Amino acid sequence: MSESTKSSRWALWLPLAIFAAFVVLAVAGLLWPAQREVASAMIGKPLPEFNLPAAVPDRPSLSKADFADGKPRLLNIFASWCIPCAVESPQLAQLSAAGVEIHGIAIRDRTEDVSSFLARNGNPFSRIGRDDVSQVQLGIGSSGVPETFVIDGKGVIRYQHIGDIRPEQVPMILEKLQEAAQ
Amino acid sequence: MIAELGLAALWLAAALAALQLVAGAFSLTKRGEGLSGVVRPVAVVQGALCAVAFVALILLFIQTDLSVKLVAMNSHSAKPFVYKLAGTWGNHEGSMLLWVTVMSLAGGFVALVERRLPEPTMLATLAGQAFVSLGFYAFLLMSSNPFERLPNPPAEGQGLNPLLQDLGLAFHPPTLYLGYVGLSIAFSFAIGALVTRQVGPAFARAMRPWVLGAWIFLTLGIAAGSYWAYYELGWGGWWFWDPVENASLMPWLAATALLHSASVLAARNALRAWTVMLGVVAFSMSMIGTFLVRSGILTSVHAFAVDPERGTFILGLLAINIGGALTLFAIRAATVTEGERFALTSREGALVFNNVMLSAILGIVLFGTLYPLVTEAFGQKVSVGPPYFNPMGALFAVPMMFVMAIGPLLRWRKDRFARIRGSLAIPLLISLAVATGLFAGAAIGALPFIGISLAAGLAVASFLPLKGRNLRRTPLPVWGMVLAHFGIAVALFGMASERAFSTEKLVAARVGQTTAVGPWQVKLSGVRPVAGPNWTALEADMFASYRGGTPVEIRPQARSFWSPPQMTSESALVTRWNGQLYAVLGDETDDGRWQLRLWWKPFVPMIWYGGLLIAFGGLLALIGRVASDVRRIVARDKIAYRRTRQGR
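Read top to bottom, the protein sequences are chains A and B.
Residue 1 is where the first sequence starts when you use the numbering used here, and the numbers rise one by one after that.
Residue 1 is where the second sequence starts when you use the numbering used here, and the numbers rise one by one after that.
Okay, chain B solo, but in the shape it has when bound (with noise of 0.2 angstroms):
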């Protein structure tokens, strides 16, 4: 019954989209205005359908309704509640009906509450949010129905990939989502201001909450994809520069570069068509990294998953979608009326920069995401990696972060740089402190050479906007560049400081055998099996002391499930405010000893804690600009009631 609700409010929903495409697309003619009214609500209703048939498959998934398809192949009667829960996303069909949930929420929402934009764009906008969905619904619908019955439903589920079964991983996949699909407003609004050409601040203004807010789940999520990455995988390595990874990436860079520009058009009208464009660069990321990840084209190791025809049918909508959008952009932009002029050195000039850098890097991703792609083409099979990714992407990130911490000095339109010549000595004489120590004190490698120095200039000139402020006054929207600029100076010394100072060690060792690596001094006392919910393993008693102070006990696990059956390491850390020791269990040899992987990584935890900060700058950043939005909308609306009072 549920199942069958679901499936019913997913079809109504679309067809809502439908009528949310037509009819807005309808009323922007002399002939269909009456629809104007119309518009509106069904994007609000279309959105609350959505989220019925989504909570119809979480319902599903919790009472482990083995009748339905999805959930015998992807939830197990034994499992934890809380992964039978993410086992709703855990899955194609699944994160893809979550994907047009958010998306169609989201429109709704707009349509709920935006009402500075001129209201033809809003229903371009909203017509546009309708045609996406609307290929998504599609999809889902023809070939990856999630409330599928089976004819004779088994006795067992066949259980969540056991990688999977993490709480960080649970709650990781949603985030993310929230971020991609929280650009497709972003996009949406990109096309209402193409269609209209009403490209200017109020635009900017309308796009950049949800920017914000969309950016501030993707740098969540990717930093926690990234930890989870660390000590789930149990290779001690934190980015690998996978294509999953970097589908992830590919929309942050966009909505970053996003961010500034549309910073630039709200404040100063320019940069019309560069934003416009980003607009629907950051969600086409987010697109193209979803296929790429779901089409499986690029990943190749084990190909059960792999569906051409869901990779064809997803290729066909960003085809549809992002062509479009693109070839209406070239139309369109030429007629665009140039924004403002600003001189070179001005905080345009830098921000302008930043966008450059930012979209280079960006290429530089893509480029190296894809370039096995166009190899195989040719019948050779390469695999790109950090040799590629780490100097190309340093090339421009290092000059990136120089501006970075000159740029929010800058005065809008003109500066002159002697002006500011003077606040940035302080930084500068302490990066040049912390390369000269590093010089003369270790033998590192020019990355991670350049990276400390540059992070601890950074640092400093991050906090430099505040001076001569006066603090309480400071809007918010400062405060967060300050903390996120910040954030990106704290993230840039831990992978520094992770490449130059950590040290591995690669042991069998004996019951009772002590092993140093670093300042540590690692005893393994016994292994013995332990038995969790759905899994048994093998698990390591070990007690680590730093610098022969009290030991810590630490019990790093080699996990095997059997629903499916898969192993799985759980390393074990210990995290002390100047690193982490990372420990992970290994096989037993042939003569009783237990291989033993062991790391110490010197500040490595600071990548996560900028990661944190950055989305913290960001969420302070939307916190004041949705309550000056507020602050604006509630001035308003008094004025316009005593004016109706004067009036009679």
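Okay, chain A solo, but in the shape it has when bound (with noise of 0.2 angstroms):
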């Protein structure tokens, strides 16, 4: 045999070579996920001036000035129809339960959706205000539900998570309050 044949033999297991190489590429994209956070522009600035009508009855309105007493708070966009929403709230009930106070904004919604939502899935939040044109929504750099956001006692936003809080991510998520409190 002479050497061309060879090294073009060679050569014909090159294209499975190089797609082995991507199988093992995304086999390692798939196991380790990516860190998903995307850096929001609004994280170090205060929040926009804001006041939102209650979203429900047995709630109070939400408004700038209640961010502004000391004091680190959550503040979770959600929405009735959003179904990430309903399987993030154990871990919301869960943020709670250990002391955090959790302001809400309802996105685009019904009163009587929102308290059925409510009724359902448990009521973490301590006021919730209603924004039906995302005006809000969009003024603090989120453009999905449900994000939470972790503002510190002067108002001024510190932590952005996309997406909902997997049970994984509540401790990360009162680090980051620990950390706005300082």
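Hints may be right or wrong, so weigh each one.
What the hints assert, rightly or not - Examples of chain A residues toward chain B, derived with CB under 7 angstroms:
1) Arg9
2) Pro15
3) Leu16
4) Phe19
5) Val23
6) Ala26
7) Gly29
8) Leu30
9) Val170
What the hints assert, rightly or not - If you anchor each label on the Cβ, the simulated ranges turn out as follows:
10) B:Arg197 / A:Leu25: 32 to 40 angstroms
11) A:Gly44 / B:Pro386: 24 to 32 angstroms
12) A:Gly44 / B:Leu432: 55 to 63 angstroms
13) B:Pro386 / A:Gly139: 28 to 36 angstroms
14) B:Ser545 / A:Gly122: 56 to 64 angstroms
15) B:Glu588 / A:Lys64: 47 to 55 angstroms
16) B:Gly34 / A:Val87: 52 to 60 angstroms
17) A:Val87 / B:Pro399: 52 to 60 angstroms
18) B:Gly445 / A:Leu25: 27 to 35 angstroms
19) A:Gly122 / B:Thr589: 38 to 46 angstroms
20) B:Glu309 / A:Arg120: 24 to 32 angstroms
21) A:Arg120 / B:Ala531: 27 to 35 angstroms
22) A:Lys64 / B:Pro386: 35 to 43 angstroms
23) B:Ile2 / A:Gln169: 36 to 44 angstroms
To be clear, the hints were calculated from the coordinates, so they are not data collected in a lab.
Given the structure is predicted, the values throughout are model-derived calculations rather than measurements.
Note that beta-carbon positions come from the ideal geometry of N, C-alpha and C, so glycine has one too.
Reassemble the complex: the two chains are provided individually, in unrelated frames, and hints are given to aid placement.
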């Protein structure tokens, strides 16, 4: 067998080798999904001015002033029509049980729907504002539901969590709250 | 009832695919020869059953049957009819069902009509097609059942992504799918040919119409997708090198290379192993592209749709299908006898060059698309964009287009460059004249400069193959080639011109104020709220006048959908022969002015006209090829008929 046929036989395995490298890469990508946290442009900035009416009768309305009493809080953007929001409710309940005060903003929602959502999934919120045109939502740099913001005692956005809070992420959120308290 | 019927049809089709695989593979052995009669009918019935399942899903969406989970999640009773229809495939499960439907119908059709190949190769091909389908059936039935019922049906559905509520996009994914999945036939032909070691002109001729058909749909799908992104996303760009776009470009590049190498194999019986490999690679690129998009490992904004389990499943399928095919290739290709030889200066030589360049571009796009995944594995986040893709792609695209102008003029096997030097003088002079004019007239970047000069010469050169021919007797495939190559020149001109000459204005305008952009004067005369079937919008009333001519009314909108809530911008376009005015309405400022974004993009529509020309050229070639196949079959049947009569 001549040299050239040997080398061309070797080359025939090249496509398979490239594909194998792709598979290894893809497996790695699936097993260790990348940190999908998107750094918000609003982090480190104060909340925008807003004053939202109450979303449900049994919780008061929400405005920027409710964040400026020196205590760090969570601001949760949710909606009754949002399935991941229902999925994250046990985590919010857990945070609330740990003494965290959570304010909510209901996006494009109806009073009766929010009430029944809270009746079904529990109500961890101390105040809930309703944002019918996504005005505040867009103003604080959120584009979807659910999202959760850590707001420090001066009303400054310290952390943005995109998507639902998974059970394993609760300690991380608590840590961010502690950082915001310092 | 319909849902259960659809599910039953899907299970039956999957069972038949299993039968097709076993019978097809077994019939290749000595003992199993008796089974060979089963394979073709099974393939046909399998295709029909799968079509029944897909029609069932369409009916469920048309009726908005909310007891079906998929309908409840993706449809809404208030949605216009055409979007209910499009909702069928505007989601993961439905699009996967569409995928296997197209695949099994194509397999059934091949089983019905293809008689040129040796029967063992056909049986191996159909077994291969069944093998690939079977994986997708398993995927659908085990992890993505589109017919799943809900125990407590909701009162109303959750709607379809409002970005998808657009006619162009409603029919964009199925077009691309026809292209992706059409390539599965080429893949199976390659498997069949590798199994039986029958790689020759007959194999290339059998495969070619399928590659052409798939390539036409891919071309249309990419052009339509690009135009959709252009007017719907409101950024004024027409190609973003986004993974989703690259996923459709990569199979196109591979299919384009395959189309050309199959021509060499059909005409000259050369490039055997290379053509087989491209047959495998083209469909592999379709599957890899679909995997990258569906698994979500490359999209990163909101992680809601990401389902690692599904990604793992598709990856497993990929590993089996592509890995298996490439292993078969590596083992068998060495035993595929070498084809005819040819000189470097010849039609074959030019086509090989084109193939190498296309493969290089494919490699660049694939690498660029996967690179973020590589760096992420090392904890770094990067985004690869135009600064990488444009110059790297051009590095290979520019020489390729030079050779594209020359190649069709060369003779097969062996030619002298001196023979065609005279014909090439005209396009070369035109290129140089345009380049000189550009150099003197405008300060533009290097890439657009090369692009426009090259496009001018190429546009002329693409018609040179018609020189000296009787135009009436010129075969359709030659016309197809001429038009497709001309389309490349037209599209290239549009791309380069958009890049070189676009002007942009971002203003906060008061009602009544006039803004100048390029040769246009655009007056904002009012903004008012309007309502659609499932959205409300702010609509700007604007009058645009070109060089002081009669004003044209345009109405860009900022739309808010409520189910699910999402904002989209509906840009407004004014198309002239020499370009497009593009207007987008933004937010209101605190002092009551409106943010307007205006672009004047000279010759930008040429990009998509070029795309249409390319697809139309492909269509002509396809018609020409199929017509001559049909003539050949009819003639053969006539001879056979006469023989049987004489025999009596």
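Taking 55 to 63 angstroms as the hint, is the beta-carbon distance of glycine 44 of chain A and leucine 432 of chain B inside that range? Holds: the Cβ-Cβ distance is about 56 angstroms, inside 55 to 63 angstroms.
In this structure, is the beta-carbon distance linking isoleucine 2 of chain B and glutamine 169 of chain A contained in 36 to 44 angstroms? holds (41 angstroms)
Status of the given 35 to 43 angstroms range, CB of proline 386 of chain B versus CB of lysine 64 of chain A: Roughly 40 angstroms apart at Cβ, these two residues keep to the hinted range, so it holds.
With chain B as the partner, please determine if phenylalanine 19 of chain A meets the hint condition of a C-beta pair closer than 7 angstroms. The hint holds - phenylalanine 19 of chain A has a Cβ within 7 angstroms of chain B, the shortest such distance being about 6 angstroms.
Consistency of beta-carbon spacing, proline 399 of chain B to valine 87 of chain A, with hint 52 to 60 angstroms: holds (54 angstroms)
Indicate whether the distance between the beta carbons of glutamate 309 of chain B and arginine 120 of chain A respects the range 24 to 32 angstroms. holds (27 angstroms)
Using the Cβ atoms, figure out if arginine 120 of chain A sits within 27 to 35 angstroms of alanine 531 of chain B. Given a distance of about 31 angstroms, which is inside 27 to 35 angstroms, the answer is holds.
Could you say whether the range 28 to 36 angstroms given as a hint is met by the Cβ separation of proline 386 of chain B and glycine 139 of chain A? holds (31 angstroms)
Alanine 26 of chain A as chain B interface residue, shortest Cβ-Cβ below 7 angstroms: Since chain B brings a Cβ to about 5 angstroms from alanine 26 of chain A, closer than 7 angstroms, the hint holds.
Lying within 24 to 32 angstroms: is that true of the beta-carbon distance glycine 44 of chain A to proline 386 of chain B? Distance hint for glycine 44 of chain A, proline 386 of chain B holds at roughly 30 angstroms.
Would the hint on arginine 9 of chain A stand, with a C-beta cut-off of 7 angstroms toward chain B? This hint holds: arginine 9 of chain A lies near chain B, its Cβ roughly 5 angstroms from the closest one there, short of 7 angstroms.
Let's test the interface hint: is any C-beta of chain B closer than 7 angstroms to that of valine 170 of chain A? violated (17 angstroms)
In summary, the structure is inconsistent with hints 9, 15 from the numbered list given earlier, while agreeing with the others.
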